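Start from the sequences and build out the full structure, keeping to the hints where you can.
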Amino acid sequence: MKIGYKLIAEAYSPTEMVRQCVRAEEAGFDFVEISDHYHPWVSEQQHSGFAWSMLAAMAAKTERIELATGVTCPFIRYHPAIIAQAAATTQLLSDGRFTLGVGSGERLSEHVVGRGWPSVSVRHQMFRESLEIIRLLWQGGYQSYEGKHLTLEDAQVFDLPETLPEIVVATGGPQASKLAAELGDGIFTTEPRADLIQAFTDAGGDGPRYTEVPMAYGATEDEAAEEARRLFRFGLTGWKVQAELPNPVNFDAATATITADHMRDAFACGPDTDKQLSVAQQFVDGGYDHLALINAGTDVDGFFDHFATELAEPLRALRPSS
1 MKIGYKLIAE
11 AYSPTEMVRQ
21 CVRAEEAGFD
31 FVEISDHYHP
41 WVSEQQHSGF
51 AWSMLAAMAA
61 KTERIELATG
71 VTCPFIRYHP
81 AIIAQAAATT
91 QLLSDGRFTL
101 GVGSGERLSE
111 HVVGRGWPSV
121 SVRHQMFRES
131 LEIIRLLWQG
141 GYQSYEGKHL
151 TLEDAQVFDL
161 PETLPEIVVA
171 TGGPQASKLA
181 AELGDGIFTT
191 EPRADLIQAF
201 TDAGGDGPRY
211 TEVPMAYGAT
221 EDEAAEEARR
231 LFRFGLTGWK
241 VQAELPNPVN
251 FDAATATITA
261 DHMRDAFACG
271 PDTDKQLSVA
281 QQFVDGGYDH
291 LALINAGTDV
301 DGFFDHFATE
311 LAEPLRALRP
321 SS
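This note's numbering applies: residue 1 is where the sequence shown begins, and numbers increase by one.
One thing to keep in mind: the hints can contain errors.
[Stated by the list, open to error] Pair by pair, the computed Cβ-Cβ distance ranges are:
no. : residue 1 : residue 2 : range
1   : 26        : 113       : 33 to 43 Å
2   : 95        : 312       : 18 to 28 Å
3   : 275       : 140       : 42 to 52 Å
4   : 26        : 194       : 30 to 40 Å
5   : 96        : 154       : 24 to 34 Å
6   : 135       : 96        : 10 to 20 Å
7   : 238       : 96        : 33 to 43 Å
No wet-lab data here; the hints were simulated from the structure. Quick caveat: nothing in here was measured; it's all calculated off a predicted structure. Where a beta carbon is used, it is the ideal one built from N, C-alpha and C, also for glycine.
Given below as structure tokens:
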């Protein structure tokens with residue numbers, strides 16, 4: 001099992017994101033994953049730097065820790081040809097430490113280029129075509145592609161690494177899990193759902209299983225729960241809301257009634273290691289082997305110290321309950 005740290009690019013500046021990556025390596029984390037958005041989720045966050053620039057800086061300033069996007073939408077705001085190039089370059093700059101996490105996106109970040117926000121079924125079609133294009137370009141040579149939604153014209157990624165990045169596909173249902181088995185190398189979820197892994201393995205998937213474990217570190221449970229409410233309350237809205245709202249002001253309205261108590265129910269809030277392990281155990285029981293810890297509290301360095309001295313060893317020792 002590998003333990004990672006979620007870099008929340010909407011809550012911190014680009015330079016702070018790079019610093020946190022360096023600290024995560026020093027604290028003993030195995031990987032970091034960084035969000036790739038254009039807008040922050042809620043008005044209190046006030047950041048959203050360009051993930052690929054930050055990844056390049058992280059690659060230059062670290063030696064061991066693995067890097068991942070968590071996750072990139074490879075269509076609408078981007079074209080998959082650009083993501084194929086960006087991921088290959090990041091793999092080279094990091095000496096083979098990069099994983100491309102991909103998903104079908106949210107209106108929040110994709111609507112900014114003025115191409116609209118398609119229906120779920122169309123987005124899934126575009127997602128499939130995007131993965132096919134990325135795989136095609138990673139074969140080398142000049143390639144063309146004519147899909148229902150996306151086109152590639154006589155393109156080549158010239159700088160390809162000897163070992164291509166793994167692609168982990170975000171999934172919230174059986175169809176995406178099957179797509180992950182077909183065109184990806186692993187899956188990425190935000191829930192401790194064993195059924196998503198089962199659909200992946202039933203379709204022939206056997207790669208890494210990434211997930212995010214909700215924590216909020218702070219001096220007290222109350223303090224941590226309030227910080228989580230302020231910065232991470234959007235996470236309680238559910239994927240159908242998260243995928244559809246266009247701007248932070250809309251998420252502010254949608255989360256107006258969420259309280260610190262709600263966050264306390266969903267996150268391991270405060271400094272209690274046993275509580276953190278209890279939340280993580282749910283994901284281990286679900287079958288996940290790459291746990292990215294979210295720290296929705298604002299004591300970042302305190303959490304790194306806590307992980308290194310108190311949490312890392314018992315967390316790595318967790319095994320499925322049955």
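Do the hints match the structure? See the list:
1. 26 to 113: 33 to 43 Å: Since residue 26 and residue 113 have Cβ atoms about 38 Å apart, the given range 33 to 43 Å holds.
2. 95 to 312: 18 to 28 Å: Holds, since residue 95 and residue 312 (Cβ atoms, about 24 Å apart) stay within the stated range.
3. 275 to 140: 42 to 52 Å: At 49 Å between Cβs, range holds.
4. 26 to 194: 30 to 40 Å: holds, 34 Å
5. 96 to 154: 24 to 34 Å: With Cβ atoms ~29 Å apart, the hint holds.
6. 135 to 96: 10 to 20 Å: holds, 18 Å
7. 238 to 96: 33 to 43 Å: holds, 36 Å
Consistency with the previously given hints is maintained throughout, with no hint failing.
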